[in-house]
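> What follows is each chain in one-letter form.
There are 2 protein chains.
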Amino acid sequence: MSNAQFDKLAILGIGLLGSSIAHAVNAYGGADRVAVWDISSDVRERAARVLSAEVAETAEAAVRDANCVILCTPVGVFGEVAELIKDALMPGAILTDVGSVKVTAARDMAAHCPSDVYLIPGHPIAGTEKSGPEAGFASLFQGSWHILTPLKKGDEAYDDAVERLTDFWKGIGARVETMDPDRHDRVLAITSHLPHLIAYNIVSTAYDMESVEQGEVVKYSAGGFRDFTRIAASDPTMWRDVFLNNKDAVLETLGRFSEDLAALQRAIRWGDGETLMKEFSRARGIREAIIDAGLDTAEADFGRRHIDPSSDK
Amino acid sequence: MSNAQFDKLAILGIGLLGSSIAHAVNAYGGADRVAVWDISSDVRERAARVLSAEVAETAEAAVRDANCVILCTPVGVFGEVAELIKDALMPGAILTDVGSVKVTAARDMAAHCPSDVYLIPGHPIAGTEKSGPEAGFASLFQGSWHILTPLKKGDEAYDDAVERLTDFWKGIGARVETMDPDRHDRVLAITSHLPHLIAYNIVSTAYDMESVEQGEVVKYSAGGFRDFTRIAASDPTMWRDVFLNNKDAVLETLGRFSEDLAALQRAIRWGDGETLMKEFSRARGIREAIIDAGLDTAEADFGRRHIDPSSDK
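So the protein sequences, as listed, match chains A and B.
Going by the numbering used here, the letters in the first sequence line up with residues 63 to 375, in that order.
Going by the numbering used here, the letters in the second sequence line up with residues 63 to 375, in that order.
What the hints contain is simulated information worked out from the structure, not anything from laboratory work.
Fair warning: there could be bad hints in the mix.
In this list, chains with the same sequence are indistinguishable; a pair is considered to hold if it fits within one copy or across any two.
[Claimed, not checked] Derived lysine-lysine pairs resembling DSBU-like cross-links, with alpha carbons at most 35 Å apart:
{"no.": "1", "residue 1": "K281", "residue 2": "K214"}
{"no.": "2", "residue 1": "K215", "residue 2": "K148"}
{"no.": "3", "residue 1": "K340", "residue 2": "K281"}
{"no.": "4", "residue 1": "K192", "residue 2": "K281"}
{"no.": "5", "residue 1": "K215", "residue 2": "K309"}
{"no.": "6", "residue 1": "K340", "residue 2": "K309"}
{"no.": "7", "residue 1": "K232", "residue 2": "K214"}
{"no.": "8", "residue 1": "K281", "residue 2": "K215"}
{"no.": "9", "residue 1": "K232", "residue 2": "K281"}
{"no.": "10", "residue 1": "K148", "residue 2": "K214"}
{"no.": "11", "residue 1": "K309", "residue 2": "K148"}
The structure presented is a predicted model; accordingly, all values stated were derived computationally and were not measured.
With the hints as constraints, model all of the structure from the sequences given.
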């Protein structure tokens, strides 16, 4: 007898996260069977080569008899995928996801989720800049945070489902926290969405200058720029959907960022070294808090957990 | 008999770079004797503990009889330091530096440099976010670029001095390139100065939100934010001086960045997924060029060459 949380787990969308969950379950347990599906037949074929999981031909076949279904597609298609599977979902199953935004994700899934299925949106704060089934690896979630945003309170059966899902994520190495979807989207706007937008933007700015600078942007990228290119190498489709689905929080955070940047720009223009010094100095405080929390070590480093330069090309 | 380029090397300013040069010379050669000096007596004492080099009590004592003098202080005090040592510099010596800006650095050193001393400004594209003599290590320059910005052309003795300095940097592991100081400052504005300014700014923006978000900014920093905090942990004094001394190129580059960001902001506000997708996708091209150039491997990674979390606190 197995002590897995689920007899059958279905993973829809086989990118970095979907593939990593399948690997993690093989390595650490959590489900007796894993079925995966992707809308792209090319991705399904590649998944069949790298995963020891059942690769289903249709989303419905993947979710049939599954006690837990995890949406790992870009968040922009959650509604369509939920509609595709709604009749195949087993009563009492858990429907969850790994989307980077939670308010619209919850709304889009809820629109098609049968009432006898437990909808519990979630978001693992884990990733690398790599994409595709080949990028997945079992230890991705070890020591990372997983945020669940439960939609119901005081419903015993629902609470039990949340507990089972919590145990599943803990089993594959994550630390689990619950949060309100709206709060999730505001917190992640500053800790993740804005940093990615800024990284994309600085690379874009450099791109327009690069022809002028004859390849020197690449050559001397070790001065700081290179770190931004790594973040900006993340999946464009995923991030387009994040920005379109967390518009308000991102625009609010971006507004603050631009105000602060204007102040630094003014300090540079007027040679105000005191203001620059004050702003630059306080950045170290947050850095120390992150180090103290054990959240930046060589192993925990974003995008550095799994280093395989050959897969980058 | 030694095949070192210099009998005596003097290093003024013992931070990450000064200390790393001293370690590198011990490890790989380049000078028979190394003398170091820092304006802070505390730093001099700490340097005496971590470096096997002669720690001089005064700048003049350090540079006396030195064939090569490297300024490793913040660029804002290059003029003062050059004035301090001008009478102690040996005829025929090389005066160089490691400053991140080159036009004002060259100007400030030239104002006090005797005519029988070869002034050859330089800039190693290497570093970590750590500061102080304890942060230095011998292999920092291995495989990194070192830019020299010679100030004279067609002067045989000067060219010989440039060659000797080139050999010195190659000897401790660097790849050497020459460039016009003005071009250097424009190229570095996008590859290094703007990335640091943006990193400082995003951390600053988060700092103001953090009290509101109850520590969640730190907790969920793995979503991208953490990488910015590492860059923003760099020495505030050094970076203040960089921005004050490369004002025009930084403001020009920042202007382009802000225009581009406004376009992304508009695309988010109006739900223009096509524009977001287009901008995000082209970022991958530069990333691939950096990987292809062998400039991003685990070893070469900025700030990751020397991992010692304990020294971060």
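> Quick one: K340 to K309, C-alpha cut-off 35 Å, is that within a copy, between copies, both, or neither?
Intra 31 Å, inter 18 Å, cutoff 35 Å: intra and inter.
> Under a CA distance limit of 35 Å, which applies to K309 and K148: within one copy, between copies, both, or neither?
Result: close within a single copy only, 28 Å intra versus 59 Å inter.
> Using 35 Å as the alpha carbon limit, work out where K215 and K148 are close: within a copy, between copies, both or neither.
This pair counts as within: shortest intra-copy Cα distance 23 Å, inter-copy 75 Å.
> For K148 vs K214, is the C-alpha pair at or below 35 Å within one copy, between two copies, both, or neither?
within (20 Å within a copy, 75 Å between copies)
> How would you label the pair K281, K215 (within, between, both, or neither) given a Cα cut-off of 35 Å?
between (55 Å within a copy, 24 Å between copies)
> Can you give me the call for K232 and K214, within, between, both or neither, at a CA distance of at most 35 Å?
within (21 Å within a copy, 65 Å between copies)
> At most 35 Å between C-alpha atoms: does K215 with K309 qualify within a copy, between copies, both, or neither?
within (27 Å within a copy, 55 Å between copies)
> I want to check one pair: K340 and K281. Are their C-alpha atoms no more than 35 Å apart within a copy, between two copies, both, or neither?
both (32 Å within a copy, 24 Å between copies)
> How do K281 and K214 come out at 35 Å by Cα distance, when the copy is not named: within, between, both, or neither?
For K281 and K214, only the inter-copy Cα distance (25 Å) is at most 35 Å; the intra-copy one is 53 Å.
> At 35 Å max between alpha carbons, let me know whether K192 reaches K281 within a copy, between copies, both or neither.
both (22 Å within a copy, 23 Å between copies)
> Indicate which option fits the pair K232, K281 if close means a Cα-Cα distance not exceeding 35 Å: within, between, both or neither.
between (43 Å within a copy, 17 Å between copies)
In summary, this structure violates none of the numbered hints.
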